[in-house]
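*Asks:* Chains A and B supply the protein sequences, listed in that same order. For the first sequence, the positions run 29 to 507 when this note's numbering is used. For the second sequence, the positions run 43 to 84 when this note's numbering is used.
Keep in mind the hints are simulated off the structure, nothing from the lab. It is possible that part of the hints are untrue.
[What the hints assert, rightly or not] Okay, the calculated bits of chain B under chain A, using three or more residues with CB under 8 Å as the criterion:
1. 55-61
2. 64-70
3. 73-82
[Said to hold, decoys possible] Pairs of lysine to any residue residues, derived as SDA-like cross-links and limited to a Cα-Cα distance of at most 25 Å, are as follows:
4. 82/B / 54/A
5. 51/B / 441/A
6. 82/B / 418/A
7. 82/B / 96/A
8. 54/B / 266/A
9. 82/B / 355/A
10. 247/A / 69/B
11. 82/B / 500/A
12. 51/A / 82/B
13. 219/A / 54/B
14. 247/A / 53/B
[As the list claims (entries may be wrong)] Label pairs and their computed distance ranges (CB to CB):
15. 50/B / 417/A: 54 to 60 Å
16. 68/B / 342/A: 43 to 49 Å
17. 50/B / 271/A: 25 to 31 Å
18. 83/B / 490/A: 22 to 28 Å
19. 51/B / 417/A: 57 to 63 Å
20. 330/A / 72/B: 37 to 43 Å
21. 444/A / 72/B: 22 to 28 Å
22. 64/B / 499/A: 25 to 31 Å
Bear in mind that the values here come from a model prediction, so they are computed numbers and not experimental data. Quick reminder that beta carbons are idealized off the backbone N, C-alpha and C, glycines included.
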Amino acid sequence: MAKVLVIGAGFAGHTTALYLGNKLGRQHEITVMSNRDVFGYVPSWVWVGVGHMKPEQTIFKLKPVYDRMHVKFVHAAAKEIHPDASDQYVLGEEIGSGKEVRLDYDYLVIAPGPLLNFAGTPGLGPETGFTHSICSLPHAVKTRDAYLALCERMKKGEKVKIVIGTGHPGATCQGAAFEYIVNVHKDLLKKGLRDKADILWLSNEPELGDFGVNGVQIKRNGIVQKSSEFIKSVFNDHGIRYQVQTGVTKVEEGKIHWQNYEGEEGATDFDFSMLIPQFKGQPFKYIGKDGSDVSSKMVNPAGFVLVDGKYGLPYPELSQTPEAWPAQYNNPTYPNVFAAGIAFAPPGPISKPFTNKNSLLIAPAPPRTGMVSGVIGRVVAMNIADLIQTGKMNHSERMTEMVAACIASMGDNLWDGNAVTIVMRPVVPDRKKYSNEFGRDLFISHLEMGVSGAWMKFMLHYTFIWKFKGLFGWKLIPE
Amino acid sequence: MQNEQEFSKAEKFWMNFKLYQLWRFIVLNVKIYTIAVQSKFH
Ligand SMILES: Cc1cc2nc3c(=O)[nH]c(=O)nc-3n(C[C@H](O)[C@H](O)[C@H](O)COP(=O)(O)OP(=O)(O)OC[C@H]3O[C@@H](n4cnc5c(N)ncnc54)[C@H](O)[C@@H]3O)c2cc1C
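Please construct the entire structure, taking both the sequences and the accompanying hints into account.
*Replies:* This is the structure in structure tokens:
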């Protein structure tokens, strides 16, 4: 009987666990170790952050799902990973009791999502800083409360400054920040308060609509349209000001300090701000059999797990080398250790990085969205099942092959809400396969705005929660 | 987009015209499902 251990139960880890439970759960031991005993449907935290959805509508308990799927659940936070042969185990701390938990494994999947590195930008974040975040559920709730308090001030006639975007020169997840800024706009409009707010988009993207993926390009009626023009139209239409090519360096009460591509330093005042922090890998200890630190074999300096990608290529070469992107997501030194979702180390950025004259690198990190995380989670599960059953892996999917569909909410109301439906193939441009300058399939890639997007976003919330609960037909729903 | 800066009145009309949007809802769902499901065979 093989032992498979999954760390983390988010989009990646939970998807892996569902497929493993389904394929192997009756004959083998599948265990999930997670520091939270609920699954969180992260995309809907945008709506929590404006007070349009109750937090409890975005979560459900994991244990009953795992009981049905023949998966063991351990409610603990992983701390140490021991990857050496014949000494393979993970140490964690049980949530509540604080007791040490030791779980041995034959195959390990590391999928604990990002460490939200607020410390990377002095003054950033809701705990020790002055800005807000929607990257965890407690943060989204705190953001909602601060936002609603701000609305009360506006109702009394006060004019306010709102800044939303990225809070670090290397931040990712611009899509979530974009959804939040447009939802705030729409909510203020409905409350009759829009004229009381000056709203600014502040981001590290090379241009509007880049989203850390080098933008989205489509062909419509023979003409190439770009997300940069599209998002510019959205912001102009909504009266949202924008400032891109900007890396936030420090935050003080009511003041965001930044540097731009030109190397200029400036400060922007705010009354309310939601800025996405830098993401890092979870700070696990990686310890060899002899007690030595084996981190350099397992993770890159940011703590993301090294997998089967080609690392160290300069951007111009990487952007022409689709095969540099990992395909099976296992570690070269410890091939029975896999990483899925945000936890794996991408070989480099997708968008063009820029270093300004003060040597500040302003470069959005590649987003590993929910769909990408889910697809990788499934590929990893299928390969582990293959290894156990046949001894060799048969599945692979690089981000240079993957399709991503993303519905960016722009107001949740089903009558007058809105959303941008974005389809990209592939997520990371493949300039060898697609001969256009963008390295994308311009026929499949799609960009469209309308109320139908709001219906889709609403539908996805319930469809995915259904899938993640492992209910009837869950496997028919794509990741 | 009528130019690079803003949506035209016609575009805004179609974005909110419910019957047309119902059609787009069906088309987009079919499109996304068919391309996303292909990933299952990788
Ligand atoms: C506000 C917001 C909106 C978004 N909207 C979209 C969207 O519309 N579409 C889309 O495709 N993507 C969206 N994303 C991105 C998407 O949520 C992420 O890509 C996805 O959650 C990444 O999955 P993951 O499994 O890698 O990490 P996570 O979902 O973060 O899951 C990690 C899990 O590991 C657990 N964990 C952490 N540390 C430990 C530890 N030490 N031990 C054990 N367990 C641990 C966590 O509790 C969590 O359950 C959004 C992101 C945000 C923040």
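*Asks:* Now tell me, hint by hint, if it's right for this structure.
*Replies:* Checked hints:
For a cut-off of 8 Å, the count of residues in the segment 55-61 of chain B with a CB near a CB of chain A stands at 4, and the three-residue condition holds. Restraint check on the segment 64-70 of chain B versus chain A: 4 residues with Cβ-Cβ distances below 8 Å, three needed, restraint holds. Coverage of the segment 73-82 of chain B by chain A holds. Counting CB-CB distances below 8 Å, 9 residues qualify, and the rule asks for three or more. Taking the CA atoms of residue 82/B and residue 54/A, the gap is near 23 Å; set against the 25 Å cutoff, the hint holds.
Proposed proximity of residue 51/B and residue 441/A is supported: the alpha carbons are some 21 Å apart, at most 25 Å. Taking the CA atoms of residue 82/B and residue 418/A, the gap is about 19 Å. The hint holds against a cut of 25 Å. About 23 Å separates the Cα atoms of residue 82/B and residue 96/A, which keeps this hinted pair within 25 Å; it holds. For the hint linking residue 54/B to residue 266/A, the alpha-carbon distance of about 12 Å falls within 25 Å, and the restraint holds.
The hinted pair formed by residue 82/B and residue 355/A meets the criterion: a straight-line CA distance of about 14 Å does not exceed 25 Å. For the hint linking residue 247/A to residue 69/B, the alpha-carbon distance of about 17 Å falls within 25 Å, and the restraint holds. Annotation: proposed proximity of residue 82/B to residue 500/A holds, straight-line Cα distance about 18 Å (limit 25 Å). Taken as a hint, the residue 51/A and residue 82/B pair is honoured in the structure, with Cα atoms around 15 Å apart against an allowance of 25 Å.
Only pairs whose Cα atoms come within 25 Å are accepted, and residue 219/A paired with residue 54/B is accepted, the gap being roughly 22 Å. For the hint pairing residue 247/A with residue 53/B, the CA-to-CA distance comes to about 17 Å; that is within 25 Å, so the pair holds. Between residue 50/B and residue 417/A the Cβ separation comes to about 57 Å, which falls inside the hinted range of 54 to 60 Å. At about 45 Å, the beta-carbon gap between residue 68/B and residue 342/A stays in the expected band of 43 to 49 Å.
Evaluation of the 25 to 31 Å hint for residue 50/B and residue 271/A yields a pass: the beta carbon distance comes to about 26 Å. Look at residue 83/B against residue 490/A: about 26 Å separates their beta carbons, and that is inside 22 to 28 Å. For the pair residue 51/B and residue 417/A, the supplied restraint of 57 to 63 Å holds, since their beta-carbon distance comes to about 60 Å. Between residue 330/A and residue 72/B, the C-beta spacing of about 39 Å keeps the proposed range 37 to 43 Å intact.
Take residue 444/A and residue 72/B: their Cβ atoms lie about 25 Å apart, and the range 22 to 28 Å holds. For residue 64/B and residue 499/A, the hinted distance range of 25 to 31 Å is satisfied, since their beta carbons lie about 27 Å from each other.
The structure shown violates none of the earlier numbered hints.
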